[in-house]
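J.: Chains as they are written, first to last, in the numbering used here: chain H, 1 to 295; chain Z, 296 to 551; chain G, 552 to 841.
Heads up, a few of these hints could be off.
Said to hold, decoys possible - FRET-style restraints, in silico, Cβ to Cβ:
1) V8(H) - L571(G): 57 to 63 Å
2) K6(H) - N442(Z): 22 to 28 Å
3) F317(Z) - F77(H): 50 to 56 Å
4) L278(H) - A376(Z): 35 to 41 Å
5) K650(G) - F50(H): 42 to 48 Å
None of these hints come from the bench; they were simulated from the model.
The C-beta atom is built at its ideal place from N, Cα and C for all residues, glycine as well.
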Amino acid sequence: MTRKFKEVMIRRIFFLFACVSILILGLIVTFLFREGIPIFRAVSIKDFLFGSEWYPTFDPPAFGIWPLIVGSFIVTFLSTLIAVPLGVLSAVYISEIAPRSIKEILKPVIELLAGLPSVVLGFFGMVVLAPWLQDTFDLPTGLNIVNASLMLALMAVPTISSISEDALYNVPREFKEASYALGATKSETILKVIIPSALSGISTAVILGMARAIGETMVVLMVAGGAAAIPESLFDSVRPMPASIAAEMGEAPFRSEHYHALFATGIVLFLLTLAFNLIADYISNKFKEVGSGTL
Amino acid sequence: MVTVEDTRVIYVKNVNFYYGGFRALTDITMDFEQNRVTALIGPSGCGKSTLLRLLNRMNDLIDGTRVEGEVIFEGNNIYDAKVDPVDIRRRIGMVFQKPNPFPKSIYNNITYGPRLAGLNNRIDLEALVERSLRQAVLWDEVKDILNQSAMMLSGGQQQRLCIARALAMKPDVLLMDEPTSALDPISTAKIEELIQDLKKLYTIIIVTHNMQQAARISDMTGFFYIGKLIEFNATEKIFTKPDHKQTEDYITGRFG
Amino acid sequence: MAIPSTMRWRYFKEGLFFALVRLSALVITVSLGGLLLYIFLNGFRTVNWAFLTLPPTDSMTKGGIMPAILGTFYLTLGAIAVALPLGIMSAIYLTEYAKQGPIVRIIRIGVNCLAGVPSIVFGLFGLGLFVVFLQFGSCILSGALTLGILILPTIIGASEEALKGVPQTFREASLALGVSKWQTIYRIVLPNALPGILTGSILGIGRAAGETAPIMFTAAAFYTAKLPSSILDEVMALPFHIYVLATAGTHIEETRPIQYGTVLVLVGLVLGVDLIAIFIRSFIRKRKRW
Chain H
1 MTRKFKEVMI RRIFFLFACV SILILGLIVT FLFREGIPIF RAVSIKDFLF GSEWYPTFDP
61 PAFGIWPLIV GSFIVTFLST LIAVPLGVLS AVYISEIAPR SIKEILKPVI ELLAGLPSVV
121 LGFFGMVVLA PWLQDTFDLP TGLNIVNASL MLALMAVPTI SSISEDALYN VPREFKEASY
181 ALGATKSETI LKVIIPSALS GISTAVILGM ARAIGETMVV LMVAGGAAAI PESLFDSVRP
241 MPASIAAEMG EAPFRSEHYH ALFATGIVLF LLTLAFNLIA DYISNKFKEV GSGTL
Chain Z
296 MVTVEDTRVI YVKNVNFYYG GFRALTDITM DFEQNRVTAL IGPSGCGKST LLRLLNRMND
356 LIDGTRVEGE VIFEGNNIYD AKVDPVDIRR RIGMVFQKPN PFPKSIYNNI TYGPRLAGLN
416 NRIDLEALVE RSLRQAVLWD EVKDILNQSA MMLSGGQQQR LCIARALAMK PDVLLMDEPT
476 SALDPISTAK IEELIQDLKK LYTIIIVTHN MQQAARISDM TGFFYIGKLI EFNATEKIFT
536 KPDHKQTEDY ITGRFG
Chain G
552 MAIPSTMRWR YFKEGLFFAL VRLSALVITV SLGGLLLYIF LNGFRTVNWA FLTLPPTDSM
612 TKGGIMPAIL GTFYLTLGAI AVALPLGIMS AIYLTEYAKQ GPIVRIIRIG VNCLAGVPSI
672 VFGLFGLGLF VVFLQFGSCI LSGALTLGIL ILPTIIGASE EALKGVPQTF REASLALGVS
732 KWQTIYRIVL PNALPGILTG SILGIGRAAG ETAPIMFTAA AFYTAKLPSS ILDEVMALPF
792 HIYVLATAGT HIEETRPIQY GTVLVLVGLV LGVDLIAIFI RSFIRKRKRW
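Given these sequences and hints, build the entire structure.
T.: Rendered as structure tokens:
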């Protein structure tokens with residue numbers, strides 16, 4: 001065996017391993033569809049997606065996941081609304097304003113908190129936030145949209161803050177100097193030069209934060225309340241898609257319509273997060289290639 | 296009789312400058328006269344760029360720095376506690392070593408400073424953009440692409456844009472920190488020509504590594520060595536008959 | 552030099568903006584710090600040696616959480632055993648061998664997409680492939696494989712970063728001596744990248760230990776009478792234990808102390824592991840000479 005042949009073989013072996021991620025992605029799609037598609041023998045795709053009744057255990061059952069989709073979007077949207085300003089502004093604090101000593105503590109601490117298990121946040125929402133919400137606003141239950149959105153926001157903030165901070169930190173020093181030399185104040189430099197230059201990184205952070213919120217299971221399972229109906233107020237309970245899958249899979253008889261319907265919900269969730277991630281990938285690449293262009 | 300005081304724009308008096316415990320400048324005293332080009336030369340690390348950045352308080356942005364002595368601009372010490380560095384930087388413009396346009400359109404690069412200073416009238420802004428770009432001899436090249444990204448310009452064009460951007464603030468003084476060191480010879484020649492034109496309107500202080508450049512464009516030259524101003528005199532004298540041996544050694548290429 | 556009025560307005564806006572920025576940082580620090588403090592204050596009385604080393608008794612209302620700790624340990628160990636070799640090999644291909652082109656672009660998108668797959672979808676996938684199709688059933692093996700796939704992108708990312716951090720001059724020096732590419736990678740690049748790879752895998756451990764959704768249908772049991780004797784047994788796990796005690800059963804209020812204790816143990820475990828990784832990383836960064 002020549003050395004050259006050996007090198008080529010080694011290269012091919014590594015290539016095969018690199019393809020494992022693609023293979024797994026393919027397997028995920030295959031098995032989601034294998035177990036999910038059979039539900040469409042019972043209901044049409046349109047009725048499944050847009051049907052407003054989710055009664056999987058009734059007789060006859062109803063498999064409309066529209067309330068679950070609405071629930072997912074509402075908590076994701078609200079938590080983004082809370083988490084983005086907090087995350088981005090705290091990143092500005094760490095990267096531009098904080099004294100060095102605070103910065104050196106705060107940066108790793110926030111990074112550390114990004115690793116907080118979601119079941120812990122769900123637990124906290126259940127035992128602390130829910131009773132407080134219930135008493136303060138005199139509600140029938142504290143397990144609702146507001147609670148889930150707050151806990152999801154708390155979960156997403158460290159992620160958004162960490163990635164945004166990296167983006168802000170990487171803004172070339174020259175831009176800042178040019179701005180100061182033209183008589184801009186610190187806040188003007190931050191708002192008109194630093195943040196716009198870091199915009200692609202910040203948008204990536206926001207989209208990844210949203211993707212994390214929409215796919216997050218334990219928080220919504222424990223604190224969203226679980227009502228599979230379209231909510232009328234922010235204090236109503238909802239049942240986002242991941243919560244529905246996690247709560248019901250244990251009770252759904254193997255390969256029943258209910259079981260297939262939950263896998264099909266998984267397909268919807270998978271495609272949604274895939275879209276979010278492809279958008280994030282597109283944004284970060286587009287800006288990488290041409291620079292930030294005209295703002 | 297015209298006194299010397301009348302033509303002095305900036306007067307540096309007994310200035311010491313420290314990075315933490317390290318003294319980067321020692322007892323600098325020199326003055327910069329109106330409508331003159333003053334060149335600061337010396338080997339790397341001699342403190343010439345530090346002095347330049349001291350004149351518009353850009354060194355404030357570095358943690359752990361300290362200034363002793365006075366820098367008098369328009370009769371006031373710019374390091375006085377009640378002086379606002381932002382205000383100083385508006386009136387003392389700066390051009391950097393590497394062209395550093397913002398990742399914005401050409402138009403927005405020029406209007407950035409004036410807008411922040413409160414100029415919002417569109418007609419005034421457009422006139423200002425044209426005036427500044429003409430002064431920087433860039434107008435003919437970019438007048439049709441004002442809305443395109445400044446990042447698309449060549450290095451030499453970017454540097455002239457940065458000069459135009461500084462001029463748009465209508466500064467009294469223009470500081471230039473090795474403005475041609477990142478450029479090709481043709482762009483360098485254009486910028487040197489530009490500096491000759493600009494001195495009719497502005498007081499220019501330029502740091503340069505290139506001694507021919509200092510000889511070509513400056514009226515006064517200061518030679519720095521290890522944080523000290525060794526010799527400060529008319530450029531012609533410095534390059535023909537310097538008073539100090541160290542200056543002569545540097546200029547004739549014996550060190551540095 | 553008096554401050555002109557436009558400057559006063561600009562400084563007013565500056566003050567406002569800075570106040571907002573400081574407030575945001577404060578809100579985050581206080582809420583996350585408060586959360587951790589609350590968990591600690593409520594949990595530390597429960598956590599003692601017996602709690603960590605005894606199994607639950609009296610239908611889980613008394614006793615400790617030792618089987619859950621052990622289960623999480625097995626699952627995490629298994630996940631790392633799956634993900635580490637796969638991840639390092641993938642990263643070596645991507646940084647050392649791959650040329651820029653459509654194939655690499657596709658692999659990269661694949662890794663990014665995999666990183667974004669919701670954890671519950673990993674759970675469904677594990678259920679469909681390992682539990683049902685391969686007939687492993689709900690067990691340590693299925694759970695560890697599922698978690699391993701979940702942390703694969705983390706490991707790939709960290710390994711890639713570590714490999715890229717090895718200076719190009721090291722590789723050139725070795726190749727210029729007539730050493731083959733593989734030998735260069737094996738003897739020069741990998742040893743220098745190892746600490747960084749290690750950091751990444753520790754972060755992966757933290758992630759795997761804290762996940763609940765992927766093991767719900769693939770490995771975790773509400774209660775097991777015995778400790779697992781093979782990788783085909785079901786196990787208890789810390790995150791699942793918290794979920795079950797807090798939401799199901801008839802003793803939710805009664806078992807509150809156990810819940811707090813378990814939460815504290817899980818948080819301590821995950822954050823402790825992550826903290827080690829962060830320390831190692833800052834140590835490497837300081838020590839690095841190139």
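J.: Does each hint hold? Answer for all of them.
T.: To see whether the hints hold, each was checked on the structure:
1. V8(H) - L571(G): 57 to 63 Å: Holds, at about 59 Å.
2. K6(H) - N442(Z): 22 to 28 Å: Hint violated: Cβ distance 57 Å, outside 22 to 28 Å.
3. F317(Z) - F77(H): 50 to 56 Å: 53 Å, holds
4. L278(H) - A376(Z): 35 to 41 Å: 55 Å, violated
5. K650(G) - F50(H): 42 to 48 Å: Distance hint for K650(G), F50(H) holds at roughly 46 Å.
In this structure, the earlier hints numbered 2, 4 are contradicted, and the remaining ones agree with it.
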